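Asker: Listed below are the residues making up each chain.
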Amino acid sequence: MQLVLFLIFAVLCVAGALNLLFQRHPINSALSLVVVMMSLAVIYWTLGAEFLAAAQVIVYAGAVMVLFVFVVMLLNAGEEERTTGSRAAYIAGIPGVAAILALLTYMFMHERAALGYATLGGSLNHTTSNITEISRVLFTELLLPFEVTSILILVAILGAVVLARKEQ
Amino acid sequence: MSPQYLWFIPLLPFLGFLVNGTVGRRLPRAAVAGVALLFTGLSAALVAWLWATMKAAGAPLSMSVASRPWISVPGFHVDFAFSVDHLTLIMLGVVTGVGFLIHLYSVGYMAHEEGYWRFFAYLNLFMFFMLVLVLAESFLLLFVGWEGVGLASYLLIGFYFTKDSASNAGKKAFVVNRIGDFGFLLAMFLTIAHFGTLSFSSVFAQITAQPELHGGFLTAIALLLVLGAAGKSAQIPLYVWLPDAMEGPTPVSALIHAATMVTAGIYMVARSHVLFDRSPLALSIVAVIGAATAIFAACIGMVQNDIKRVLAYSTVSQLGYMFMGCGVAAYSAAVFHLMTHAFFKALLFLAAGSVIHALSGEQDMRVMGGLRKRIPVTFWTMTIAVFAIAGFPPFAGFFSKDEILYQTFAWHNPLAKLLWAVGLLTAAMTSFYMFRLWYKTFFGAERFSEHTDAHGHNDHAPIHARKDTTLVMEAEHDSGQATHAHGVHESPWIMLAPLCVLAVLAAVGGWVGIPEALGGHNEIQHFLDPVFAVTAHAENVANVDEVSHSLELGLAAVSVLAALFGLFLADFFYRRKPGTLGAMSANSGLYRVVANKFYVDELYHFAIVKPLEYGSRFLLENVVERGVVSGSARALAFITRGGSNLTQRMQSGNIRSYAGWLAAGAAVVLFIMAVTSLHLR
Amino acid sequence: MVPIAYYLILAAVLFCIGIGSFLIKRNIITIFMSIELMLNAVNLTFVAFAHQWKLVHGQIFVFFVMVVAAAEAAVGLAIIIAIFRARQTLNVDQINLMKN
Chain A
13 MQLVLFLIFA VLCVAGALNL LFQRHPINSA LSLVVVMMSL AVIYWTLGAE
63 FLAAAQVIVY AGAVMVLFVF VVMLLNAGEE ERTTGSRAAY IAGIPGVAAI
113 LALLTYMFMH ERAALGYATL GGSLNHTTSN ITEISRVLFT ELLLPFEVTS
163 ILILVAILGA VVLARKEQ
Chain B
74 MSPQYLWFIP LLPFLGFLVN GTVGRRLPRA AVAGVALLFT GLSAALVAWL
124 WATMKAAGAP LSMSVASRPW ISVPGFHVDF AFSVDHLTLI MLGVVTGVGF
174 LIHLYSVGYM AHEEGYWRFF AYLNLFMFFM LVLVLAESFL LLFVGWEGVG
224 LASYLLIGFY FTKDSASNAG KKAFVVNRIG DFGFLLAMFL TIAHFGTLSF
274 SSVFAQITAQ PELHGGFLTA IALLLVLGAA GKSAQIPLYV WLPDAMEGPT
324 PVSALIHAAT MVTAGIYMVA RSHVLFDRSP LALSIVAVIG AATAIFAACI
374 GMVQNDIKRV LAYSTVSQLG YMFMGCGVAA YSAAVFHLMT HAFFKALLFL
424 AAGSVIHALS GEQDMRVMGG LRKRIPVTFW TMTIAVFAIA GFPPFAGFFS
474 KDEILYQTFA WHNPLAKLLW AVGLLTAAMT SFYMFRLWYK TFFGAERFSE
524 HTDAHGHNDH APIHARKDTT LVMEAEHDSG QATHAHGVHE SPWIMLAPLC
574 VLAVLAAVGG WVGIPEALGG HNEIQHFLDP VFAVTAHAEN VANVDEVSHS
624 LELGLAAVSV LAALFGLFLA DFFYRRKPGT LGAMSANSGL YRVVANKFYV
674 DELYHFAIVK PLEYGSRFLL ENVVERGVVS GSARALAFIT RGGSNLTQRM
724 QSGNIRSYAG WLAAGAAVVL FIMAVTSLHL R
Chain C
8 MVPIAYYLIL AAVLFCIGIG SFLIKRNIIT IFMSIELMLN AVNLTFVAFA
58 HQWKLVHGQI FVFFVMVVAA AEAAVGLAII IAIFRARQTL NVDQINLMKN
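Residue numbers (our numbering), protein chains in the order written: chain A, 13 to 180; chain B, 74 to 754; chain C, 8 to 107.
Keep in mind the hints are simulated off the structure, nothing from the lab. Note that the coordinates shown come from a computational prediction; the quantities given were computed from them, not determined experimentally. Each hint should be verified, as a subset may be incorrect.
Below, a sample of chain A positions facing chain B; criterion: calculated Cβ distance under 10 Å [what the hints assert, rightly or not]: (1) Val54; (2) Ala67; (3) Val69; (4) Ser98; (5) Ala100; (6) Tyr102; (7) Ile103; (8) Gly108; (9) Val109; (10) Ala110; (11) Leu115; (12) His122; (13) Ala125; (14) Gly128.
Covered stretches of chain B (in silico footprint by chain C; criterion: 3 or more residues with CB under 8 Å from a CB of chain C, positions within the stretch not fixed) [said to hold, decoys possible]: (15) 253-265; (16) 720-727.
Label pairs and their in silico Cβ distance ranges [as the list claims (entries may be wrong)]: (17) A:Met13 / C:Arg92: 34 to 40 Å; (18) A:Gly90 / B:Phe711: 21 to 27 Å; (19) A:Leu30 / B:Gly716: 48 to 54 Å; (20) C:Leu62 / A:Phe82: 24 to 30 Å; (21) C:His64 / A:Val26: 37 to 43 Å; (22) B:Phe744 / A:Pro157: 52 to 58 Å; (23) A:Leu30 / C:His64: 30 to 36 Å; (24) A:Met13 / B:Gly716: 18 to 24 Å; (25) B:Arg141 / A:Ser162: 52 to 58 Å; (26) A:Glu91 / B:Gln721: 32 to 38 Å.
Just so you know, even glycine gets a beta-carbon here, dropped at the ideal spot from N, CA and C.
Take the sequences, apply the hints, and build the full model.
Answerer: Here it is, written out as structure tokens:
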């Protein structure tokens, strides 16, 4: 059952990612990235990370991707031109990517037994909910980093405003 | 005075150097001179205080102050330490006293020169290093001062650096001194190897504690030190740099190349007398070198026509006397002569500077003459100095020179009488060439033309840089014009005041060393006794009681006669019958040889410089330089260029290329991690 | 019962597609999207490992990554707008100021 769920959404995920790769119009790429993120949210949920699944949908698929789509429309980005700017990207990069993929896959398959299995809804423990766990750690142990992120976001907002502002 | 104040004696001039060297360019001339004089004067005042402290009854014979360890490694330790004893005290007095006077003189002398701040900065730097040199408590710190004064000397000789001859003379001085320093360095290495320290007190204590130590490596150390001293004090065979050093401004010649720096070699030998006393061979060599230099330089000095060059050879000759004094273990006599020589030779140079100033840069004695009436103060002070150096009583030079000659005569060595004869002959020659200078400059017809003066001012050429110079140093004439408007002129008071003070010193400075034979107490010798008392062992020192006072008186009379003989000759040839000597010598081969300084420069050029040059050109340039050095450099350049051509391709500026390389690199890292982790399993 | 390794392999595949997309795409906005894709792939490994170790910290790390990614997206897109204003193009092959 879980395997079926996983396979459906994994395939969806990879298909979306590949679509991102092969679509030439950025708006299509953005929409296929939304598909990838939604499927990832489901996969998070199958791994027992309910809070992250929700956050993924709200923050990524919602806020971030909407921002992307806005920018695409704002800049009126058209179809991608096929320019040849970099041979190195193909000569060094593509074999590099293939090597990374092969190595990682080999390593994970090699260590499959040690990594164990995931059980559906197998939250960390069954006495409390996932959100309770996260919030307890976040607001006690990691309160300072949490507060610091708010400053980070503030700075990011200011930076974005300054950068995107029209020159007077 | 607490020993802690010793630090300030050299540091004050250094402060002056820092101020003038950094912001001097922007300061007005008066401020530059004020700074230089203030710090030098303060230093001199400290030395005076030190004198008062050390002369007081019951004062310690020496005091010292040390920093925390300077260099401390297993087997070798040296502190940054200063120490003062009576020898140092005399040197300090000479350096700060004469130094201050010459600073004062320079204020007037350099008044119209470009680079005023530079001059005083260098002069203060020199004072700093010279004081470090005399205060040093170890060979190493002495060496620091030694090199430092060499640097200052180089900078000041080449002060008119736009003039080729000046910068060449600076380089020559530097290179010749390197040869001497090489000896000094080796001597220090040997000292470390044998004594494990460079501190004077501990090295000498170790030597004193081992009475059986004689000759051997001590001779080696001593001879290497002599090589160093010969370089710094311009002795044969390394004297060639000093006459050329006269390219520097005259106050520099007076301070560095007559009164202080060149005596550093004598000071060093006297300072390490414990070492030399154990090596009769080294001492004899010192004495012979000194005597040979004395007569050799005197010969050359007799036929020079440049007023400063005469004085330069005279300095070499007098330094030879001091060396001879050290060589016969009469250290206090040598130091005594060092002191009186500092007075009268500084005076001679400053007076010569005043003459040159009066003639607006003319240095050739053949176009001087009759200046007696035109510049009377200079004339009278110069006269005192000439009598002092010629050795007429009661002037300073008589007592010190006589003491050296007497000690040489009384030396227990078969060579003693010969060296004494050489010294006596040199005394006569000294008298001759000094009076020759005197007559040529101040007596006879006025051979200079007034236009020498006009020349100096109208086209705004520098005053002291010689006429043949191509310098473009704009003199500040707005203020100078008024005082210089009329032909030959006496120098301003600021130059005459040091002359007068030095004249007094040159006249009476010798009275501290009146020998007992003449009814004096030879105070300087008693003053220096604590330093050289360790010398008191049989073989080298003449026992004073042994030689009768009558002999001493007789010798003194002989040397005065020699001086009179020189005076008579000079009088005859340059006043009564001018021209006879010229006619006699015109086609004499001997004269030509002497006038060309025995072709020593040429000899060195062909025997040392040329072979080195050929060796460099053919062996070093073609094989080493072209083959090895350039070859390896070219190979390196080729590799670098090839490599950069390759890597330059990577830096395409395209973000996707960077990403590609990044991915490849990540793959490699991942591969290594995977391999190692699987392997470790 | 799904092996954790599968999740990790899925993450690796997504990550590599992200890199490949970064290498192939010319549009700077799409390149930025592939960066987001890579971030998501990394997040997936975090979640998978959190599940394996039965620890909540991996998930919190993902939370922080999301926050930072959101901030980064805001600033990055602002930069893209600025670049577009200056160069009138979104093609990275024509944005090679670092070269000249």
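Asker: Flag every earlier hint the structure violates by its number, smallest first.
Answerer: When the structure is compared with the hints, numbers 1, 2, 3, 13, 14, 15, 17, 18, 19, 20, 21, 22 and 24 turn out to be violated.
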